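Student: Each chain, written out:
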Amino acid sequence: DTGVSQDPRHKITKRGQNVTFRCDPISEHNRLYWYRQTLGQGPEFLTYFQNEAQLEKSRLLSDRFSAERPKGSFSTLEIQRTEQGDSAMYLCASSLDGGGYETQYFGPGTRLLVL
Amino acid sequence: DAKTTQPNSMESNEEEPVHLPCNHSTISGTDYIHWYRQLPSQGPEYVIHGLTSNVNNRMASLAIAEDRKSSTLILHRATLRDAAVYYCIRTRSSGYSTLTFGKGTMLLVSP
Chain D
1 DTGVSQDPRH KITKRGQNVT FRCDPISEHN RLYWYRQTLG QGPEFLTYFQ
51 NEAQLEKSRL LSDRFSAERP KGSFSTLEIQ RTEQGDSAMY LCASSLDGGG
101 YETQYFGPGT RLLVL
Chain H
1 DAKTTQPNSM ESNEEEPVHL PCNHSTISGT DYIHWYRQLP SQGPEYVIHG
51 LTSNVNNRMA SLAIAEDRKS STLILHRATL RDAAVYYCIR TRSSGYSTLT
101 FGKGTMLLVS P
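Protein sequences, first through last, are from chains D and H.
Just so it is clear: in the first sequence, position 109 is 109 by my numbering, and no numbers are missing.
Just so it is clear: in the second sequence, position 15 is 15 by my numbering, and no numbers are missing.
It is worth saying that the hints were derived from the structure and are not from the lab.
Since the structure is predicted, the reported quantities are computational estimates derived from the model, not experimental observations.
Worth double-checking, as some hints may not be accurate.
Stated by the list, open to error - Here are the simulated SDA-like pairs of lysine to any residue, each with C-alpha atoms no more than 20 Å apart in a straight line:
1) H:Lys3 x D:Leu60
2) H:Lys3 x H:Asn56
3) H:Lys3 x D:Gly40
4) H:Lys103 x H:Ser25
5) H:Lys103 x D:Arg111
6) H:Lys69 x D:Arg111
7) D:Lys57 x H:Gly95
8) D:Lys14 x D:Asp86
9) D:Lys11 x H:Asn23
10) D:Lys11 x D:Thr103
11) H:Lys3 x D:Arg111
12) H:Lys3 x D:Asn30
13) H:Lys103 x D:Ala88
14) H:Lys103 x D:Lys71
15) H:Lys69 x H:Asn23
16) H:Lys3 x D:Val114
17) D:Lys11 x H:Lys103
18) D:Lys57 x H:Ser41
19) H:Lys103 x D:Lys14
20) D:Lys11 x D:Pro108
21) H:Lys3 x D:Gln37
22) H:Lys3 x D:Thr103
23) D:Lys71 x D:Arg22
24) D:Lys57 x D:Asn30
Using the sequences provided together with the hints, build the complete structure.
Tutor: Shown next, in the form of structure tokens:
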């Protein structure tokens, strides 16, 4: 257990539905990342928060995706009008801005299946 | 491009040492080398990192070539629990660093 939690752990939804995932980072960590991982591939970066500010978004993050981190604590990732191609593991990671090298701590992930 | 090159898979026997290679020939002078691993159905977990000198921690050792174009993760005595995908990643030495994962090396450990 890294101290990063994600909820839910599994989600099955029908195409066209909206889904929302939650990530609770390690409490003192000010950096938060979302990644997506499909079968047989390594995780791919989606978006990055420094405190409550969303500072970087990948081109993978289409208009149907939105992420928030109110008050710089937990974060949510919402996917609107889900498509079968959205089926993947969604991973959250957090880290502390220590002014030097960075180690990210990952949660267990939310596995999404879109039918 | 923050690419590294790793073999797709490696096999080991339990209680034997394992050397996992990584090529990062285009690494810049200030990039760190991080290793993460991912056990089945789990998120990645940090293993070790280094800049220039060899590093040891309770999980593994990291040997970095003198020219920094390659490195080797060393598991001194593999256990069945070490069976995972191992990722070698270059990271910036300052500021935030989005991790660029390749496909990694799948380590199979036999009893």
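Student: Assess, step by step, whether the Cα of lysine 14 (chain D) is no farther than 20 Å from the Cα of aspartate 86 (chain D), and give holds or violated.
Tutor: holds, 11 Å
Student: Decide if the proposed pair is consistent with the structure: lysine 11 (chain D) and threonine 103 (chain D), CA atoms, cutoff 20 Å inclusive.
Tutor: Since the Cα atoms of lysine 11 (chain D) and threonine 103 (chain D) sit roughly 28 Å apart, the hinted pair is violated (cutoff 20 Å).
Student: Against the 20 Å threshold, does the CA-CA distance of lysine 11 (chain D) and proline 108 (chain D) hold or violate the hint?
Tutor: At roughly 14 Å apart (the allowed maximum being 20 Å), proline 108 (chain D) and lysine 11 (chain D) satisfy the hint.
Student: Holds or violated: lysine 69 (chain H) with arginine 111 (chain D), Cα cutoff 20 Å?
Tutor: Violated - the C-alpha atoms of arginine 111 (chain D) and lysine 69 (chain H) are around 36 Å apart, more than 20 Å.
Student: Could you grab the alpha-carbon distance between lysine 103 (chain H) and lysine 14 (chain D) and see if it respects the 20 Å cut-off?
Tutor: violated, 29 Å
Student: Are the Cα positions of lysine 57 (chain D) and glycine 95 (chain H) separated by 20 Å at most?
Tutor: holds, 16 Å
Student: Does the alpha-carbon distance linking lysine 3 (chain H) and threonine 103 (chain D) stay inside the 20 Å limit?
Tutor: holds, 18 Å
Student: Does asparagine 56 (chain H) sit within 20 Å of lysine 3 (chain H), going by the straight-line distance between their CA atoms?
Tutor: violated, 24 Å
Student: Is the straight-line distance between the alpha-carbon of lysine 103 (chain H) and that of alanine 88 (chain D) 20 Å or less?
Tutor: Given that 20 Å is the threshold and the Cα spacing comes to 16 Å, the pair holds.
Student: Are the Cα positions of lysine 3 (chain H) and arginine 111 (chain D) separated by 20 Å at most?
Tutor: violated, 26 Å
Student: Sort out whether arginine 22 (chain D) lies within 20 Å of lysine 71 (chain D), counting only the CA atoms.
Tutor: holds, 14 Å
Student: Does asparagine 23 (chain H) sit within 20 Å of lysine 11 (chain D), going by the straight-line distance between their CA atoms?
Tutor: Violated - the C-alpha atoms of asparagine 23 (chain H) and lysine 11 (chain D) are around 37 Å apart, more than 20 Å.
Hint check: violations occur at hints 2, 6, 9, 10, 11, 12, 14, 16, 17, 18 and 19; the rest are consistent with the structure.
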